[in-house]
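Q: We have chain A; now place chain B onto it with these hints.
Quick note, the sequences are listed as chains A and B, same order.
My numbering applies: residue 1 is where the first sequence begins, and numbers increase by one.
My numbering applies: residue 1001 is where the second sequence begins, and numbers increase by one.
In case anyone wonders, no lab produced these hints; they're calculated from the structure.
Keep in mind it's a predicted model, so treat the numbers as computed, not measured.
Among the hints, erroneous ones may be present.
Unchecked claim - Below are the EDC-like pairs computed for lysine to aspartate or glutamate, each with C-alpha atoms no more than 20 Å apart in a straight line:
| id | chain 1 | residue 1 | chain 2 | residue 2 |
| --- | --- | --- | --- | --- |
| 1 | A | K104 | A | D152 |
| 2 | B | K1181 | A | D152 |
| 3 | A | K104 | B | D1160 |
Said to hold, decoys possible - Computed footprint of chain B on chain A, listed as stretches where at least three residues anywhere in the stretch have a Cβ under 8 Å from a Cβ of chain B:
| id | region |
| --- | --- |
| 4 | 47–55 |
| 5 | 61–70 |
| 6 | 76–87 |
| 7 | 151–157 |
Positions of the beta carbon are idealized from the N, C-alpha and C atoms, including for glycine.
Number of protein chains: 2
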Amino acid sequence: KMPLETLVCPYATRLVILCKDEQGKVGLKVKSINKGVFVCLVAKNSPAAMGGLRFGDQVLQINGDNVAGFNENKVHDIFKKAPVNNIVLAVRDRPFERTLTLHKDSTGHLGFQFKDGKITAIAVNSSAARNGLLIDHNLLEVNGQNVVGVKDKETTKLIDEGGQIVTITVIPNFLYQHMVKNMANSLVKKMMDHSMPDI
Amino acid sequence: KMPLETLVCPYATRLVILCKDEQGKVGLKVKSINKGVFVCLVAKNSPAAMGGLRFGDQVLQINGDNVAGFNENKVHDIFKKAPVNNIVLAVRDRPFERTLTLHKDSTGHLGFQFKDGKITAIAVNSSAARNGLLIDHNLLEVNGQNVVGVKDKETTKLIDEGGQIVTITVIPNFLYQHMVKNMANSLVKKMMDHSMPDI
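Only chain A is shown next, with the shape it has when bound in the complex:
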């Protein structure tokens, strides 16, 4: 029985209720960083994806238990042992991410370069420069679509076709590296939910 009275929902956190799919999975992988538990993989079409979980979300509680200090194996084990329904997560919205709104110039550019998803240069007097976009940050989303593990060419296409105003979500590279460590790029690419968000 879930101790509902211990569930908390402070500012900028939310509750997500998950069930398991036919394979008994919630479709979520986490990574422990600084004693916090962070979502590093949301599988396509999984309960976690349906629940709106995203790369970088911080999991605070599972079924009323604080998970601060738990390592990833312990958390994955909790999911494994959890019942099929009513797995309640308290989640803090991606604490390390920032979303910037950039405007294309007359040549269609936002003003930054990236390689393997990591921002490497900011053009002088560009929209990226005006908005304070930083290098050594990784692209997580373009117009709300996850681009973790997506080829640069495809990300560029998304940006090019993304209209005059493009929102990008970024995370400092050192945290990104932590989160994708030990995840084979092909796995990320194959499993990650890259679908467009419902608006």
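A: Below, chain B without anything else, positioned relative to chain A:
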């Protein structure tokens, strides 16, 4: 003459208008991180302090010029050469900081330990754990008061006397280290604006 038409004020940024004091100073030191310019020192009672600038703020423009990619010397030089009045900064509110609201338990504790301002441990089932406070982060503010360079004992006193609900503002340690690098601790302690914010 300031090119006002080039000043931008996108989401979560603000304009700050500074003048110089009798010593010809704005009371601000910056640090370049990832091609961005960040406030790392706001001198007590300085024009910068009056303008509401805070440790961690990102300076985007000075008098209409983007400062992306500028190093700290170049920025300090701009301030030095600027006229006495009407120095206009476009500033993004501390992009790397987070503020958490913690509640004291029955023994008066929030549930974390810190050493030299850096969070080192989170107590099981504490308010800090429930709220997802992370280790390897540095305390920047307690109830809105800057504690950069403040002795742990004094910070603890602030927390103890800070009422039942305490807000703390933190920044990842690796960024903190960048920002205070080359600043002698005594300088920080002596010059930094540690006054309470006006509410």
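Q: Please go over all the hints and tell whether each is borne out by the structure.
A: Hints versus structure:
Of the pairs offered as hints, the one joining K104 (chain A) and D152 (chain A) holds, with about 18 Å between alpha carbons and a cut-off of 20 Å not exceeded. Distance hint between K1181 (chain B) and D152 (chain A) is unfulfilled; the C-alpha atoms sit about 34 Å from each other, more than 20 Å. Taken as a hint, the K104 (chain A) and D1160 (chain B) pair is broken in the structure, with Cα atoms around 50 Å apart against an allowance of 20 Å. Three residues within the 8 Å Cβ limit are the bar, and the region 47–55 of chain A against chain B gives 0, so the coverage statement is violated.
Evaluation of the coverage hint for the region 61–70 of chain A: fulfilled, as 4 residues show C-beta separations to chain B shorter than 8 Å, against a requirement of three. Look at the region 76–87 of chain A against chain B: 0 of its residues bring a Cβ nearer than 8 Å to a Cβ of that chain, fewer than three, so the hint is violated. With 0 residues carrying a beta carbon less than 8 Å from a beta carbon of chain B, the region 151–157 of chain A misses the three-residue requirement, and the given coverage is violated.
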